[in-house]
Amino acid sequence: MTSRERIAAILSEILGVPIDAAQEYAREQAENWDSLNHLRIVLAFEEEFGVSLQPEEVVAVRCLSDLERLAQRTA
Amino acid sequence: MAFGKAPPDWRLQHTLLAGLPRGSALRALAKVSAGRKLRLRCERSMPFELVSDFVGPFMRLWDAEIAVSVSDYDPSLAGVLRRGRGEEDVLLLWIDWRLHRAMAPEQAARWVIDLVAAGRGASGNGVPVLINDWPQGGGTAGVTDSWVAALGAALEEGTRNLADCHLVRLERLRKEEYPAFFDPRNDEVAHYPFSQAATVHIARHLGAQMLPALVMPRLKVVAVDLDHTLYEGVLGEDGPGGVRVGPGHQALQRRLLLLKEAGFILALCSRNERVDVERLFAQRKEFALSLADFAAVRVDWGSKPDNLLSIAAQLNLHPSAILFVDDNPAELARVAEGAPEVELVLADPSGEGTAAILSRHPGLFRLRADASSALRTQDLQANQQRERLRAAAADPAEYLARLGMVVDLFENHAEHASRIHELSNKTNQFNLCLARLSEQEVARLLGPGNLTLSIALRDALSDSGVVAVLAFEISGRRARLVEFLMSCRALGREVEAVAFSWALGRLSDLGCELLEIQAREGPRNQPALEFLHRFVPNGEREVPLARLREAAGRDVQRHPAEIRVHR
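These protein sequence lines map, in sequence, to chains U and Y. To convert, note that position 74 of the first sequence is 78 in the working numbering; the numbers rise steadily by one, no gaps. To convert, note that position 312 of the second sequence is 418 in the working numbering; the numbers rise steadily by one, no gaps.
Chain Y with its partners taken away, still in its complex shape (with noise of 0.2 Å):
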């Protein structure tokens, strides 16, 4: 995702982001040749053809380029039992629910979701399947807002247990600012219910925040500038009770929590003072956001690119996980030159559109809650007493023994396939197979047959949470490792070599003798491959599982952790 050297097209990300673009400006923008092409098959009761002529202009925010094909008008859907031929990344269920107003919304919601499992079964079609929801206030015969919200539970239910099934909530689109959703004109000359300003939201929200969700690497961190960006005014000169705070300065902070809330990490880069800072977070109390927000703080005159590269090691993440928002144009092609990963959001300086733009920025959508957002922000504060802990710590011994560490470790366990399917794509340090799993794949590796282990962190200083996973499949004698995953917020503590030892002896306990690896490298994967490299330094494909077992047990045979299974 990110933009290289030279900064990215201001108007155009207000355009698209900040208010409703114009259908004549989305049609204005010359397609253009992106770095990546997604294709979308579309099984359709009702014309997609208006929603997909708009979602392509959504897609140069993150580089990408869409292919749609769409089926002909089928109320049965029948085309989602076509066998597969791989010819596309994304299936999309695109139905006018009107049509089944017949049955009972739990029964509609049950035929849908029975028809993709089906068609997985039929087709082995394993791509990620879109399934839109029904918007309240159509005034169709029949179709009640009951009705339609009692479809909308059961369809929230149904996506909810089924693997790589998503929603597409035209409800919550509804309720968000556009009071006109229907358009019965539109109705009455193709059967298509939506407004033109429905439309383009709804193009907005598959092209800039579901497509890039279901395909690319997300955003972890977003970092933001102080003056004329959290508020209007200069701190250094205005103090910190001179700044003006307006709503959209509110709305932007609120914004900013709920992304916290959602997962996300705050950090505040900013040439300022640090007393005044701490001065002006303590002092005005309309601030919706405290300094205790920001799991990583640089305030200081130094370099932004080098803060916000700083920023990304103290949190062991790569820079392209940064959202840098501020309001100097200047500023930011100086982080697009210093630090080129880093994705730029310029501020406007009454807030309101930097909260709508964070509001629907590519990468910062979540197709489902995030499993361990709340430990976050608390665990990446930690690390830095941690830091100071190994400073003062006569060896690394001592300082791990302080730490008073418990690993829990779950065999199998189903209850984490949502934060496993998680990490696996979101993991990109310590990530040695790069399997990227999808949830059905999470699914597999967890039946029988297989060793999934999710591994779970805490120590004196903060809970961690799942932080790790070793996934093998078993065949006889021979095991192959999947996967092996590690937060980058849970290195540094040699938890990844306790539970790999621990691993191969379970896997010695079920009787296997080889270990089949196939790490793959990648741009950013180099912990996890020197990792292995301690234990494999030939590089061997395949290896007898004692030789590796007693290499990786002598390692850590000093590790001070607790360790706590769960089978």
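So that you can see chain U by itself, here it is in the shape it has in the complex (with noise of 0.2 Å):
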């Protein structure tokens, strides 16, 4: 599995929506998307990778890329 499927299979439990891993997905496409739900998605993101993202950075997510950046940096 390439990081950017790891991540779109942690979006798509949390959100519970099907989500391809070849396309973008933005905060803006779920409703759900949501302070706790950023917040679990982070979580588990940290979790997935053994990183720990400084604060800024789990504010400024906002989408699959974002999260891949950060994977691919602490890589």
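Take these hints with a grain of salt, some might be off.
[Claimed, not checked] Partial selection, computed: residues in chain Y whose CB lies under 8 Å from chain U:
#1 A286
#2 N292
#3 R564
[Said to hold, decoys possible] Cβ pair distances, simulated, as ranges:
#4 R266(Y) / E32(U): 46 to 54 Å
#5 Q33(U) / A439(Y): 44 to 52 Å
#6 R216(Y) / E35(U): 38 to 46 Å
#7 R10(U) / A439(Y): 21 to 29 Å
#8 N36(U) / R142(Y): 25 to 33 Å
#9 S252(Y) / Q27(U): 34 to 42 Å
#10 S56(U) / V340(Y): 39 to 47 Å
#11 G227(Y) / S16(U): 46 to 54 Å
#12 N36(U) / Q487(Y): 55 to 63 Å
#13 S56(U) / A247(Y): 18 to 26 Å
#14 R266(Y) / Q27(U): 51 to 59 Å
#15 N36(U) / R266(Y): 39 to 47 Å
Hint data in this document are derived by calculation from the structure and do not stem from the laboratory. Glycine residues also receive a C-beta, built at the ideal position from the N, C-alpha and C atoms.
Put the two chains together into one complex, using the hints given.
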């Protein structure tokens, strides 16, 4: 599984919608990407990739590609 | 809580209880329908959803699932005053105490305790209530550690004095093992101050400890194997001096002692030579446990299922009250087959994981301190001496006379409320009405207009403490037996007949002429039903008191116990 696919799986599981890793998926597309689910996504991402994001990074995450960039940075 | 004939999933047990599971591992556990569904209503001023995400997996350990409903965010928690519609089993007040930092801590605690009391008055809703305290070290301006400590102390006192109200001790969880309890990033995003590790820890405390303690029968006995469980090695091969005791084994032995101090009975069940085991405990000074800490010992070459059933019989307990710890999955599978109601833990060779599992296993958590824990092991050991006396006596009367029993009868003694509640919720065999009284119901039964007797027993061999309860509601000339309970430790000395006879006399003195008895048949309360059958052979629901009194009086007229009454 690529990093992007692993991130898509996290988003899909938490938001409860099918997400295609080949496509972009942004916060605006999901009605239920609220602050709590944002936190669930970030915490699951950190655990999956064994990283800890800076506070400003947590707030700045807006889409699948943002998370992919953070995953690549820490790889 | 029995797992049936299939042994538990050992990997799941270790994942959930030995270390701190990852969130992904918890999310991956498929939702399965369980034998019991618990409905939890959460009135809150901060997010609870992140915790509730993870509570369910821990409840799989006791075959339960959870349905959570959360209120809107409301610092005033006004929903507590909402009229209850019987839609929840537990109410949780999940409070961001930082919002109340302008108040003195004692004032803040008093506010929430008064709110719970007012909510019960307004709604008639008597479900158990859980309230969180606050962990130190959060770093919020105005929320100093001394403010948090004073709040915790005030909440402790307030919940101790309010029936069926218990504290979710976040400060205690913080101190256990996770220094990073707070995560300011989570606070910034969702006003949720705790870290992911703290969240899982809180969820486990609720799902594996507090919630089962509220609604399930507790375990009473922890039985342990020896080889590769309490130490590393095989006693029969390595000898008492050759087995190895590592830090994990010492931690496990200390954990078992803590369980004993908390009121659990320890038992030993091992295939070994008795003489080797006696030498082992005598020689190994680094053992925290001594042989005398075990109320029942089965060290022989018999089968473990048979020996565990024999321990249950000796202690007068149902096998489902026993948790057995062994390192051998094949041995545990045999126990699951031959004694399917015994609960099982697979020991790890180092002892460390076993100690951790026993610190969190469902059924081993006490919401309140056990009122009679100090007496229990000694009393159970004395029962073995009583059996020898009984065997040596010419007849039952001689046996009872030799015991030198003193029965203390306490009438509406509020100091025994906690013990009465405990007996009602843990007694399974001599439990006539299976009323499972809440703390609120106990308080009412100890109040005016009712007669509640708490009965203490001691004899020449031991002090058993408060072992029985008789509770009646009185309405004019009618009395209703709400509950009749007796600890299985005290059975076999006819004290139940003595107390019953005395209570009937007291009801008569109070002007009662008719007794209503609504005995309920449960899975294990045959001893209580058989006792009642002695006096009410036709199973009548309403019995003239005079007739019952005569029959009961006849039964105990030669009982040698000294009776002392405390009003």
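Evaluation of the provided hints:
The closest approach between the C-beta of A286(Y) and any C-beta of chain U is roughly 10 Å, which is over the 8 Å cut-off, so the hint fails. Below 8 Å, beta-carbon pairs count as interface contacts, and N292(Y) has one with chain U at about 6 Å; its hint therefore holds. Interface hint at R564(Y): violated, since its Cβ lies 56 Å from the closest Cβ of chain U, which is beyond the 8 Å cut-off. Look at R266(Y) against E32(U): about 51 Å separates their beta carbons, and that is inside 46 to 54 Å.
For Q33(U) and A439(Y), the hinted distance range of 44 to 52 Å is satisfied, since their beta carbons lie about 51 Å from each other. One distance hint, 38 to 46 Å for the beta-carbon pair R216(Y) and E35(U), holds here, with the actual separation near 42 Å. About 37 Å separates the C-beta atoms of R10(U) and A439(Y), a value inconsistent with the hinted range of 21 to 29 Å. The beta-carbon spacing between N36(U) and R142(Y), approximately 30 Å, falls within the hinted interval of 25 to 33 Å.
In this structure the hint that S252(Y) and Q27(U) lie 34 to 42 Å apart at CB is violated, the actual value being about 54 Å. With their beta carbons about 45 Å apart, S56(U) and V340(Y) fall inside the hinted range of 39 to 47 Å. Checked against the given bound of 46 to 54 Å, the beta carbons of G227(Y) and S16(U), roughly 48 Å apart, stay inside it. Taking the beta carbon of each, N36(U) and Q487(Y) are about 60 Å apart, inside 55 to 63 Å as hinted.
Taking the beta carbon of each, S56(U) and A247(Y) are about 25 Å apart, inside 18 to 26 Å as hinted. Restraint check, R266(Y) to Q27(U): a C-beta distance of roughly 57 Å satisfies the suggested window 51 to 59 Å. Judged by the Cβ atoms, the range 39 to 47 Å given for N36(U) and R266(Y) holds: they are separated by roughly 41 Å.
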